[in-house]
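**Q** Listed here are the chains, written in short residue letters.
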Amino acid sequence: MIHKSNLEDKPIIELKNVSLQIPLMSKSDFSLKRKIIKSVTGGGFTRTKDNSFVTALNSVNLKVHKGEKIALIGHNGSGKTTFIRLISGIYQPTFGSLKISVKVYPMIQRSFIVEEQLTGVDSAKAHYLMMNNSLKGFQSFLEDITEFSGLGDYIFLPLKTYSEGMSARLMFSLLTYKNHECLALDEGLGTGDREFYDKAQVRLNDFLESSGSLFIASHSTELLKRFCMRGIVFSGGNLIFDGDIKEALDFYEKFYS
Amino acid sequence: MRNSILKVLNYSYKTRKTWWFTAIAKTKARYARTVLGSFWLGISTLLTVLCLGFVYGTVFKVSNFLDYFIYLGFGLVIWTPICDSINQAPLIFSTNTNSLKNSTIKPIFFVCQEWAFQVQSFLQAFLMVFLVFLTFSPGLAINLFAAPLHFINLVLFIFWLQLLISLLGTKYTDLFQLLPIITNLLFLLSPILYAKKNLGSFGFIADFNPIYQVLRLLRNSIIYGQPYFELGFVVLVGNLLMIFLSIYVYKNMEKKVIFYL
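Just so you know, the sequences run in chain order C and H.
For the first sequence, the numbering used here puts the final residue at 257, and the numbers step up evenly by one.
For the second sequence, the numbering used here puts the final residue at 1261, and the numbers step up evenly by one.
A few of these clues could be false.
[Said to hold, decoys possible] Lysine-lysine pairs mimicking DSSO-like chemistry, simulated, CA-CA at most 30 Å apart: (1) C/16 with H/1256; (2) C/99 with H/1101; (3) C/66 with H/1061; (4) H/1256 with C/99; (5) H/1017 with C/178; (6) C/178 with H/1007; (7) C/63 with H/1255.
Worth flagging that the hints you see were computed from the coordinates, not collected in a lab.
Build the full structure now, drawing on both the sequences and the hints.
**A** Structure, rendered in structure tokens:
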């Protein structure tokens, strides 16, 4: 549980009336031809419908304190992933104020950084460099990844020779190696085959418990109840509930029943 | 403005080991199934020089084939990274869409990665071509000392050109179709296959072609051993200004790039 004194601290994330509008780029927006026509007609050819956008998040107000573990609840397309991208710095708010004093590490549909002709070792090296900007300590990282993923000598083979399960195991091992000050996880991390599942669950539990602050977007009530004490419910880009996890889940069920 | 440019430079510097490594990995991936590996970078240039040299040397009735091969060889080896940078730039962000949308890796990282890939490919190809020509013309070894400034200019030129085109190419997808035509025209209009004097009264085309100016200074400094300090310095200042300008444009578009993908 979060200590009461933390709530009195300055929030690590604070959103005030934050909205995010994602422009809908029509084909004509990418067209040089249309740009040229616009320039010679002095903009008289502009169509207002080209400037349409989707309000992905609408006037969101939220304060998050250090150590809080928050469940992001909502249907697909409700704004959970957009919210994760926003607090991670991938998106910037269109309106409102967003203050973040921690580095939020997003985990959304991750892929290997290197091409699939390269080996698991190359992939691990690129991932390690991306996290640490140096190869110091890489050897022990590689040993841990190889052992935990159970890939053995396959780690020296090109990624394209891996089965889907092997790729998922390697990806899971890479992503859960290091703890983060603030983690934002979108849905579960793929864990590959059944044999690996139990092992992965233990590591995932440790990983999530050890992260300083946590956001989890998931449809798994069990996962959310286990790790989170607070839940926020999204619907159509609006934050419609913010409170205790059980109340949030009840609210969500009632809202959509 | 100064702060935002410094932020981009700082991020690029901090992540330098990663994008340099992923660029090496890209070369490894490209030649993973070949026996000669990245040696192909030099071999392909040498084969092109050999074929084009015989044909165009005969067409232009050159008096000294060795000199012509060297002229053509260095011209082609310098042209290749410029041309590849221009043609590949519009794809830089679209080929990394997943990473851009789902991680905190900034778009400039992928521009640096592609730049490093072009520089590494150029250095490997250049080294091989240079060593082959050195066996026929040992004087080239000393001439190399006249070239460092122009080497720097080439790599800086590729960087800002690629950055600008990648931003424009992401927004205006027609560019990807248009650029190969432009590079083909530029190649034929630049004195690479032929000497500038062959352009006759159209010589001004080469004078106003910035790509050719960068290429010419490096090529001629290696072949003739002339340092061209003044011109090189002017190009250097121009490159630095364009780097600042392109980073400024990048900073304004950095958060919008993701919406075009």
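**Q** Each hint needs a verdict: does it hold in this structure or not?
**A** Checked hints:
1. For the given pair, residue 16 of chain C sits about 22 Å from residue 1256 of chain H by alpha-carbon distance, which is consistent with the 30 Å threshold.
2. Annotation: proposed proximity of residue 99 of chain C to residue 1101 of chain H holds, straight-line Cα distance about 21 Å (limit 30 Å).
3. The straight-line distance between the Cα atoms of residue 66 of chain C and residue 1061 of chain H is roughly 77 Å, outside the 30 Å bound, and the hint therefore fails.
4. Only pairs whose Cα atoms come within 30 Å are accepted, and residue 1256 of chain H paired with residue 99 of chain C is accepted, the gap being roughly 20 Å.
5. With a C-alpha separation of about 19 Å, the suggested pair residue 1017 of chain H and residue 178 of chain C falls inside the 30 Å cut-off, and the hint holds.
6. For the hint linking residue 178 of chain C to residue 1007 of chain H, the alpha-carbon distance of about 26 Å falls within 30 Å, and the restraint holds.
7. For the hint pairing residue 63 of chain C with residue 1255 of chain H, the CA-to-CA distance comes to about 24 Å; that is within 30 Å, so the pair holds.
When the structure is compared with the earlier hints, a violation turns up for hint 3 alone.
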